[in-house]
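Asker: Sequence:
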Amino acid sequence: MLKKRVIFTLLYDNGNFMLSRNFRLQKVGDMKWLKKNYNFSHIAFSIDELIILDVTRGERNEEIFYEHVQLLNDECFVPIAAGGSIRNLEQARKLLHSGADKVVINTLLAEDLGVIAEIAREFGQQSIVASIDVKLINGEFTVWTNNGSINQNTSLTKWLENIESLPIGEVYLNSVDRDGTGHGYKTELIEQIPDLFSMPVILAGGAGKYSHFLEVLADERVDAVATANLLNFIGDGLEKSRQELLDEDFNLPVWDLTLATDLKNCL
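Position in the sequence shown (from 1) plus 1249 gives the number in my numbering.
Check each hint, because a few of them may be wrong.
Ranges of calculated distance between the beta carbons of each label pair, as one might list FRET restraints [claimed, not checked]:
no., residue 1, residue 2, range
1, Phe1446, Arg1273, 26 to 32 Å
2, Thr1406, Arg1270, 23 to 29 Å
3, Thr1430, Glu1312, 19 to 25 Å
4, Asp1279, Ala1366, 21 to 27 Å
5, Met1280, Thr1406, 24 to 30 Å
6, Asp1279, Gly1431, 19 to 25 Å
7, Glu1497, Phe1326, 22 to 28 Å
8, Gly1418, Glu1493, 39 to 45 Å
9, Ile1313, Glu1493, 32 to 38 Å
10, Gly1418, His1346, 17 to 23 Å
11, Arg1309, Ser1404, 18 to 24 Å
12, Leu1445, Asn1402, 22 to 28 Å
In case anyone wonders, no lab produced these hints; they're calculated from the structure.
None of these values were measured; they are calculated from a predicted model.
Glycine included, C-beta positions come from ideal geometry on N, C-alpha and C.
With the hints as extra help, turn the sequences into a complete structure.
Answerer: This is the structure:
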């Protein structure tokens, strides 16, 4: 049986890290703030992966993003997935050469499947995470792209059926309606997953406390949970949440916290 995973997501905007609520962004702090409030050499033992998404709405400084991905990779001892407006193979290549283990794609699913095939040929399909942003519109869960601004007029179920034949490693399923609310995951999204869907599913959008993780990870159709809530899990919030899940006998990777302390003291 595959182990469940807890994933922390960072939302990045030209050197700053953001809070998001229903995809409306608010600046929290820069890299110095992040390093001060989140000691990644330590909390890396409270999470299984780190996702870094460039959500910049205006002109992007891609080179700075690559540099910051590399800096976080140097401090964090877990796999990293990174993405945001990937439109071609070279952008994916630069992220993977900057220390990311996977790239996260979203709008590319609607615009250019050929680029996805190119990335998979060079780096393998396990290196690709398909991010899917979902809104509930008139009683139907529909897929949106371009930072949640363009309605693809396709149901979530149909979208998942369409992408299953693509060379993709896993799916990051994000509820725009619950994004940043702390009210818990939109568990109805799980019911939209086709019965025979074979890709691992990461559920995101809405986590505010450990019980939200517990509720979703108990479902066999969900392989991982993700949160981008920088403030709710500041300090030892992630560590406590992970320990609560382990106390409930969830099948999570078990990290040696003694080693974590030793590493923290060395850095």
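Asker: Would you mind marking each hint as holding or not holding in the structure?
Answerer: Against the structure, the hints come out as follows:
A C-beta distance of roughly 30 Å is found between phenylalanine 1446 and arginine 1273, which places it inside the suggested range of 26 to 32 Å. Remark: the range hint 23 to 29 Å for threonine 1406 to arginine 1270 is upheld by a beta-carbon distance near 26 Å. The hinted range of 19 to 25 Å is not satisfied by threonine 1430 and glutamate 1312, whose Cβ atoms lie roughly 34 Å apart. Checking the proposed 21 to 27 Å range against aspartate 1279 and alanine 1366 shows it is violated: the Cβ atoms sit about 37 Å from each other.
Distance hint for methionine 1280 and threonine 1406: a CB-CB separation of about 39 Å, inconsistent with the stated range 24 to 30 Å. Between aspartate 1279 and glycine 1431 the beta carbon distance is about 24 Å. The supplied range of 19 to 25 Å therefore holds. Range check, glutamate 1497 to phenylalanine 1326: Cβ separation about 25 Å, and the 22 to 28 Å hint holds. The beta-carbon spacing between glycine 1418 and glutamate 1493, approximately 28 Å, falls outside the hinted interval of 39 to 45 Å.
Between isoleucine 1313 and glutamate 1493 the C-beta distance comes to about 37 Å, which sits within the given range of 32 to 38 Å. Our hint of 17 to 23 Å for glycine 1418 and histidine 1346 holds, since their Cβ atoms are close to 18 Å apart. The hinted window of 18 to 24 Å between arginine 1309 and serine 1404 is violated, with their beta carbons roughly 31 Å apart. At about 24 Å, the CB distance of leucine 1445 to asparagine 1402 agrees with the hint of 22 to 28 Å.
Violated hints, in rising order: 3, 4, 5, 8 and 11; the structure is consistent with all others.
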